[in-house]
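K.L.:
When you line the sequence shown up against my numbering, it's residues 1 to 142, in that order.
Just so you know, not all the hints are guaranteed correct.
[Stated by the list, open to error] In the BS3-like style, the derived pairs of lysine-lysine whose C-alpha atoms are separated by at most 27 Å in a straight line are:
{"hint": "1", "residue 1": "LYS19", "residue 2": "LYS90"}
{"hint": "2", "residue 1": "LYS139", "residue 2": "LYS19"}
{"hint": "3", "residue 1": "LYS15", "residue 2": "LYS96"}
{"hint": "4", "residue 1": "LYS15", "residue 2": "LYS72"}
{"hint": "5", "residue 1": "LYS139", "residue 2": "LYS66"}
{"hint": "6", "residue 1": "LYS66", "residue 2": "LYS15"}
{"hint": "7", "residue 1": "LYS139", "residue 2": "LYS72"}
{"hint": "8", "residue 1": "LYS15", "residue 2": "LYS90"}
{"hint": "9", "residue 1": "LYS19", "residue 2": "LYS72"}
{"hint": "10", "residue 1": "LYS66", "residue 2": "LYS96"}
Simulated from the structure, these hints should not be mistaken for laboratory data.
Here the structure is a predicted model, which is why all the values come from computation and not from measurement.
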Amino acid sequence: MKRDVFQGREIDMIKQSRKFILVLINDLAVEQLNVIPVGFNNNIIWNVGHLIWAQQEVCYRRSGFKIQVEDKYFSPFRSGSKPDAFADEKEIIVIKQLLISTIDQFITDLENNVFIIDDAVSGLSFHDWLHAGYIMALKRLV
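Construct all of the structure, not just a fragment, from the sequences and the given hints.
P.N.:
Below, the structure written as structure tokens:
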């Protein structure tokens, strides 16, 4: 199934949210990305990794396909989890790259009819922007 106009807009919204998040966190130090402020369960880098987890979970794993990222960039960011380790600079660089590359791969897979995704795209767009809000709140506190 080629991307229809609706899916195209939704996927563009996802890419926009992810680019916005990268700009938002670009000026933060490794330590700031790892801080869990009082009253929060997670930190900024966990929220970024969680977006990768959600897209891989919904679009690949639940559809019966292999996830496109190493497990260390998947399992630690599942819903309900909390950061269990300090993300170093190398890991943060990979997470930032995966934020965009996983969406680019998803677009390629859709265009090549690898699978059919419908409502998942809308849900991902909403989910990405929701976490962008969490990241903005966290950034004010770090």
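K.L.:
State for each hint whether it applies.
P.N.:
Evaluated hints:
no.	hint	result
1	LYS19 x LYS90	19 Å, holds
2	LYS139 x LYS19	16 Å, holds
3	LYS15 x LYS96	13 Å, holds
4	LYS15 x LYS72	23 Å, holds
5	LYS139 x LYS66	33 Å, violated
6	LYS66 x LYS15	22 Å, holds
7	LYS139 x LYS72	24 Å, holds
8	LYS15 x LYS90	23 Å, holds
9	LYS19 x LYS72	22 Å, holds
10	LYS66 x LYS96	21 Å, holds
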